[in-house]
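Engineer: Protein chains in written order, with our numbering: chain A, 205 to 450; chain B, 137 to 426; chain C, 4 to 319.
Because the hints were derived from the structure by calculation, they are not lab data.
In this text the structure is predicted, and so the values were computed from the model without any measurement.
Hints may contain errors.
[As the list claims (entries may be wrong)] Here are some, though not all, of the chain C residues that point toward chain B, as calculated from beta-carbon distances under 10 Å:
| no. | residue |
| --- | --- |
| 1 | Ser30 |
| 2 | Ala180 |
| 3 | Gly182 |
| 4 | Leu184 |
[Stated by the list, open to error] Over the 12 Å line for every Cβ pair with chain C, so calculated as not near, a few chain B residues:
| no. | residue |
| --- | --- |
| 5 | Glu194 |
| 6 | Gly213 |
| 7 | Ala244 |
| 8 | Ala248 |
| 9 | Leu250 |
| 10 | Gly262 |
| 11 | Phe266 |
| 12 | Leu289 |
| 13 | Lys305 |
| 14 | Phe397 |
| 15 | Leu414 |
In this text, a Cβ means the ideal position worked out from N, Cα and C, and glycines have one as well.
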Amino acid sequence: MSLLRVDAVTRRFGGVVAVDGASLNVPKGTITGLIGPNGAGKTTLFAIISGFVTPSAGRVVWKDADITSMKPHQRARQCISRTFQIVQPFAGLTVLENIAIGAYLRHADRSEAMRLAADVAKRVGLAAQGGQQASALTVAGRKRLELARALATEPELLLLDEVLAGLNPSEIRDIIPLIRAIRDDGVTILMIEHVMQAVTNLCEQVTVLAQGRVIASGAPRQICTDPAVVEAYLGRGAAARMQAHA
Amino acid sequence: MYSPAIIAEAMVNGLLTGAVYALVALGLTLVYGVLHIINFAHGALLTCAMFAVWGLSEGLGVNVYFTIVPLAVVMFGVGYALQYWLIGPASRGEDSNTLLVTLGLSIAIENALLAVFHSDTRTLSGDAAFDVVELGPMLLSRPRLIGFGVSLLVALVLWLLLTRTDAGKAMRAVAKEPMGARLAGIDVRHIFALTFGIGCACLAVAAGLLLPTFYVTPRVGNAFVLVAFTIVVLGGMGSVPGALIGGLLIGMVESLGGLLFGESLGQGGIFVIFILVLLLRPQGLFGARA
Amino acid sequence: MSPRGLMPMLILLAALALVPAFGSNTSINFLVSALIVALAAQGWNLLGGFCGQFSFGHAAFFGTGAYVDAVLQARYGVNAWAASAVAIAAGAGVGWLIGFLSFRAGLRGSYFALITLAFAEVLRISANAAPITGGATGLLLKLDARAANFQFASRGVFCLIALTCVALVLALSVWIARGRLGAQFAAVRENEDAARALGIDVLATKLRAISLSAAVTAAAGCLYTQYFLYLDANIAYGSWISVEALLAVIVGGISTPAGPIFGALALHALGEVTRLIARGVTGIDLVLFGLILIAAIAFAPTGLAGLASRLRRALG
Ligand SMILES: Nc1ncnc2c1ncn2[C@@H]1O[C@H](COP(=O)(O)OP(=O)(O)OP(=O)(O)O)[C@@H](O)[C@H]1O
Ligand SMILES: [Mg+2]
């Protein structure tokens with residue numbers, strides 16, 4: 205059953221068509237990957253799904269209800285939670301307070317929210333930094349904080365925008381099982397990722413976006429050899445050249 | 137009802153005042169355009185300049201118009217120093233800090249003037265106020281005509297400075313991309329101070345043009361600064377031509393409003409315009425929505 | 004803020020409660036004025052400190068509180084307590100309306116500060132011209148010192164009431180700071196997009212903050228009316244209260260529940276001393292306030308509260 209459906213959405217910024225008639229299906233309980241070259245429109249598509257950007261055309265359907273005109277905070281309450289590619293910490297607050305703000309979404313009580321925040325911090329590996337100012341975190345720490353805050357809202361769909369970018373290989377190795385564990389807890393995940401190793405490792409299905417259009421979708425292995433995808437990444441004629449070499 | 141002649145005269149008078157308003161607003165919008173800060177002390181600095189003009193003219197007997205150039209130089213220096221050593225470092229690049237620092241500055245200046253000069257209203261002696269020129273059916277004040285001409289001239293000079301000189305190019309570069317400008321070897325702190333200094337120099341000119349027909353009290357700047365803010369938002373924050381057109385427009389509105397509804401409600405009208413512009417078209421009348 | 008961090012504040016409030024019993028009339032007058040500003044500043048802090056929306060026009064709320072209270076009594080013979088309650092509600096309403104217009108238009112930072120100032124000025128000019136407020140001559144309330152009239156023969160009693168108001172708002176602030184609402188305020192202050200992504204309705208949160216803030220500052224206006232029994236537009240809607248409320252918070256320590264109280268008392272004491280030393284020089288205390296504001300931003304962005312905790316840490 206599909207939890208989230210994106211129906212032919214288009215978004216223009218002035219002359220730029222950032223997303224161009226893209227459609228997408230995210231089945232419940234899966235990890236779906238969204239890949240594509242820089243500027244393909246992936247982040248914009250996330251912003252459309254989470255309500256930060258309204259599409260010029262098309263619909264976003266969540267559990268069979270049209271949520272295209274719903275505000276971001278309402279979608280968060282409907283259990284859609286996003287992270288930001290350019291991290292957006294509450295810089296003046298501590299790490300725990302940051303996470304607690306996510307937890308307060310479903311827990312009005314302070315002690316409950318703080319307990320949940322502490323649990324989540326432990327889970328994403330931020331337990332030791334709980335009392336630190338968010339602005340004092342390293343890049344890797346901030347990425348974890350993005351993930352932690354989103355998790356603390358207890359989402360059904362988690363939108364992860366390049367949470368692995370800027371991390372070193374050992375940090376990536378640490379986070380991959382965490383993402384899988386989150387899925388195993390019943391959270392559906394849609395992730396934008398450039399690190400292909402992680403994509404092939406985690407995702408059941410992948411959608412490829414190039415210049416705002418969906419050019420392919422399917423299982424990761426199948427995608428990697430799709431000539432359209434290879435061309436999108438490496439330029440026109442690349443697929444043919446690779447064929448010739450092989 | 138008022139006769140067309142009276143209305144026409146009010147409109148022309150409004151335009152004349154409006155040009156000087158525009159000059160005050162130019163300083164403000166220039167600082168906003170380059171530094172992206174709102175200088176809340178702009179009015180207090182104008183009051184300082186007006187007292188200086190008054191002092192030089194009454195105390196030393198200097199002709200008002202001869203005070204303008206030396207005072208502009210001094211005010212430039214004051215503005216440069218204020219931004220370079222006080223406002224810049226104290227606000228550490230935070231918008232709200234700048235606002236508070238310049239608020240503090242304006243409170244300190246205004247009340248220091250109050251302590252020295254008390255709240256008496258001072259005008260220049262002499263008959264400048266009665267020095268009129270006949271223009272068709274209208275009687276126009278000569279000092280205000282001069283004010284109009286000089287203001288337009290200063291606006292033109294400023295525009296040339298911004299578009300034709302290296303300093304102007306540097307200022308525009310800093311306005312667009314402070315980071316990039318810094319990487320390109322531009323001393324951003326210096327350019328900021330330079331801009332602030334020019335903004336203050338505009339105030340010196342405005343002071344010299346205002347005083348022959350206006351009065352000065354320690355609080356006189358307040359009236360002007362809100363008018364100037366209104367002009368700046370009306371013309372689009374940071375836009376030089378916008379400030380000019382906005383100034384002329386507000387001058388006319390104030391003059392007509394004063395004629396129809398009385399002086400103090402005319403002031404209120406300007407605030408209402410200010411609020412409406414901010415609520416409905418915060419990008420200004422001439423700007424495109426961002 | 005932890006209960007322990009509040010101890011100095013509680014001790015101070017308890018000590019101040021002794022002033023009416025032993026202090027002179029002058030000292031009581033001083034304290035009442037300081038407490039009125041403290042209350043207005045506590046209101047400012049709820050919006051400016053907690054929620055990060057700096058207002059330059061809290062006079063709009065102070066004045067509305069003061070005027071509604073006074074006009075209802077003087078013109079319509081409403082009981083003083085009822086009038087105060089209505090006045091506080093009216094203050095909250097004006098806050099909500101200004102907030103709704105400005106926040107919905109997306110005004111933030113300096114723009115929000117300037118528009119609040121403009122609203123306050125429009126109200127001042129209108130109050131100065133309208134017949135119902137007594138115009139430029141102002142509005143005098145009948146002296147009739149009875150508790151039922153919210154007027155007291157003894158200044159000390161009034162002082163205790165002001166102190167109680169401040170203490171109540173302190174308790175409210177601590178409660179907010181420790182709970183979900185405070186977390187939402189802080190989230191909006193720190194990063195609106197992130198707040199939105201975590202399910203916070205930013206506009207509604209800001210409206211809550213400004214209504215609450217305006218109600219508290221309007222209450223300060225009511226106290227002013229009831230104590231001085233005279234109002235004019237420059238008192239009620241004058242920029243002095245906007246500035247002092249903001250200054251007390253910045254000096255005392257922004258976004259800490261006790262900051263505004265410390266700040267208002269410290270500033271008032273300082274102003275009093277300066278006026279004594281430089282007798283007859285009008286405005287000298289305000290010159291000092293202006294310089295303090297600059298110095299506070301430059302050297303002590305966390306205010307007295309921050310300085311105190313830094314000192315405590317330095318001393319071990
Ligand atoms: N707010 C905006 N205003 C104007 N143009 C925008 C805006 N947001 C995105 N764009 C443009 O839309 C296109 C798609 O951008 P987007 O950030 O969605 O790409 P992306 O696939 O996430 O890229 P990356 O891999 O670099 O993160 C780009 O050309 C970008 O410049
Ligand atoms: Mg992106």
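Engineer: Now, for every hint given, state plainly whether the structure supports it.
Structural biologist: Hints, verified against the model:
1. Restraint check, serine 30/C versus chain B: the minimum CB separation of about 26 Å is more than 10 Å; hint violated.
2. Nearest Cβ of chain B to the Cβ of alanine 180/C: about 20 Å, over the 10 Å cut. The hint is violated.
3. Interface restraint check: glycine 182/C against chain B, minimum CB-CB distance 25 Å, threshold 10 Å, status violated.
4. Against a cut-off of 10 Å between C-beta atoms, the interface hint on leucine 184/C is violated, since the closest Cβ of chain B lies about 22 Å away.
5. Residue placement check: glutamate 194/B keeps its beta carbon more than 12 Å from all beta carbons of chain C (closest about 22 Å).
6. With 12 Å as the threshold on Cβ separation, the claim that glycine 213/B sits away from chain C holds: the shortest Cβ distance comes to roughly 20 Å.
7. Residue-level check failed: alanine 244/B sits 3 Å from the nearest beta carbon of chain C, not beyond 12 Å.
8. Remark: the non-interface label on alanine 248/B conflicts with the geometry, its nearest Cβ contact in chain C lying 5 Å away (cut-off 12 Å).
9. Listed as a non-interface residue, leucine 250/B fails to keep its Cβ farther than 12 Å from every Cβ of chain C; the least gap is roughly 4 Å.
10. Its beta-carbon lying about 29 Å from the closest one in chain C, glycine 262/B satisfies the requirement of being farther than 12 Å from that chain.
11. Every CB of chain C lies more than 12 Å from the CB of phenylalanine 266/B, the least distance being 30 Å, so the non-interface label holds.
12. Listed as outside the interface, leucine 289/B is consistent with that label: its C-beta sits roughly 30 Å from the nearest C-beta of chain C, beyond the 12 Å cut-off.
13. Interface exclusion of lysine 305/B from chain C stands, the closest Cβ pair being 27 Å apart, more than 12 Å.
14. Residue placement check: phenylalanine 397/B does not keep its beta carbon more than 12 Å from all beta carbons of chain C (closest about 10 Å).
15. Not every Cβ of chain C is farther than 12 Å from the Cβ of leucine 414/B; the closest lies at roughly 5 Å, contradicting the non-interface assignment.
Consistency with the previously given hints fails for numbers 1, 2, 3, 4, 7, 8, 9, 14, 15, ordered from lowest to highest.
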